[in-house]
Amino acid sequence: MTDKSDSIRDLFGKGLADLRTMRDELKVKLHLAGMDAKEAWKELEPRLEAAEKQASEITEATANATVEAAQKMISDLSSSFEDLRKKLVGGDKGENASS
Numbered sequence: 001m002t003d004k005s006d007s008i009r010d011l012f013g014k015g016l017a018d019l020r021t022m023r024d025e026l027k028v029k030l031h032l033a034g035m036d037a038k039e040a041w042k043e044l045e046p047r048l049e050a051a052e053k054q055a056s057e058i059t060e061a062t063a064n065a066t067v068e069a070a071q072k073m074i075s076d077l078s079s080s081f082e083d084l085r086k087k088l089v090g091g092d093k094g095e096n097a098s099s
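Going by the numbering used here, the first residue of the sequence shown is number 1, and it counts up by one from there.
Because the hints were derived from the structure by calculation, they are not lab data. It cannot be assumed that every hint is accurate.
Taking lysine-lysine pairs in the DSS-like style, the calculated list, with each CA pair at most 27 Å apart, reads [said to hold, decoys possible]:
no.	residue 1	residue 2
1	K72	K86
2	K4	K14
3	K53	K38
4	K4	K53
5	K27	K38
6	K29	K42
7	K29	K53
8	K72	K4
9	K53	K27
10	K53	K42
11	K87	K72
12	K14	K42
13	K27	K14
14	K27	K42
15	K53	K14
16	K29	K14
The task is simple: from the sequences and hints, build the whole structure.
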């Protein structure tokens, strides 16, 4: 992976770790809480699980898109360099390479 995809993973990882810590602290408090708080928790907990899944998919998709873009850029540059090389080699055969 690249440094950029690693930093994206680190950013999501830290955010999710903070959310997990908050979740764990809330679980302890919920044990002693009333029914209203427990109902609110039942709605929130699945959202954290969904966020974890989405973060994983986003970082993977971002990494894949970055790799694909880099491969295309390299391929395009390689083709351009090859075209220039052919022009320069042709210039050695008496053609004007500077035109």
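Below or equal to 27 Å on CA atoms is what counts here, so check K29 against K14. 23 Å, holds
Verify the proposed pairing of K72 with K4, using a straight-line Cα cut of 27 Å. 18 Å, holds
For the pair we were handed, K29 and K53, check the Cα-Cα distance against 27 Å. 26 Å, holds
K27 and K38 were given as a pair; does the straight-line alpha-carbon distance stay at or below 27 Å? With a Cα-Cα distance of about 9 Å, the restraint between K27 and K38 holds, given a limit of 27 Å.
Given hint K14 paired with K27 - CA-CA distance at most 27 Å: Within the cut-off at roughly 20 Å; holds.
Decide if the proposed pair is consistent with the structure: K4 and K14, CA atoms, cutoff 27 Å inclusive. Answer holds: K4 to K14 is near 15 Å, not above 27 Å.
Is the Cα-Cα distance between K29 and K42 27 Å or less? 14 Å, holds
Starting from K27, check that the Cα of K42 is at most 27 Å away, please. Holds - the C-alpha atoms of K42 and K27 are around 11 Å apart, at most 27 Å.
Between K53 and K42, does the CA-CA distance stay at or below 27 Å? Roughly 18 Å separates the two Cα atoms, so the pair holds.
Straight-line alpha-carbon gap K87 to K72, limit 27 Å: 23 Å, holds
Just to be careful, I want the Cα atoms of K72 and K86 compared with a cutoff of 27 Å; is the pair within it? Cα-Cα ~21 Å, so holds.
Pair hint K14 and K42, alpha-carbon separation not exceeding 27 Å: Holds, because 24 Å separates the two Cα atoms, which is no more than 27 Å.
Taken one by one, the earlier hints all hold for this structure without exception.
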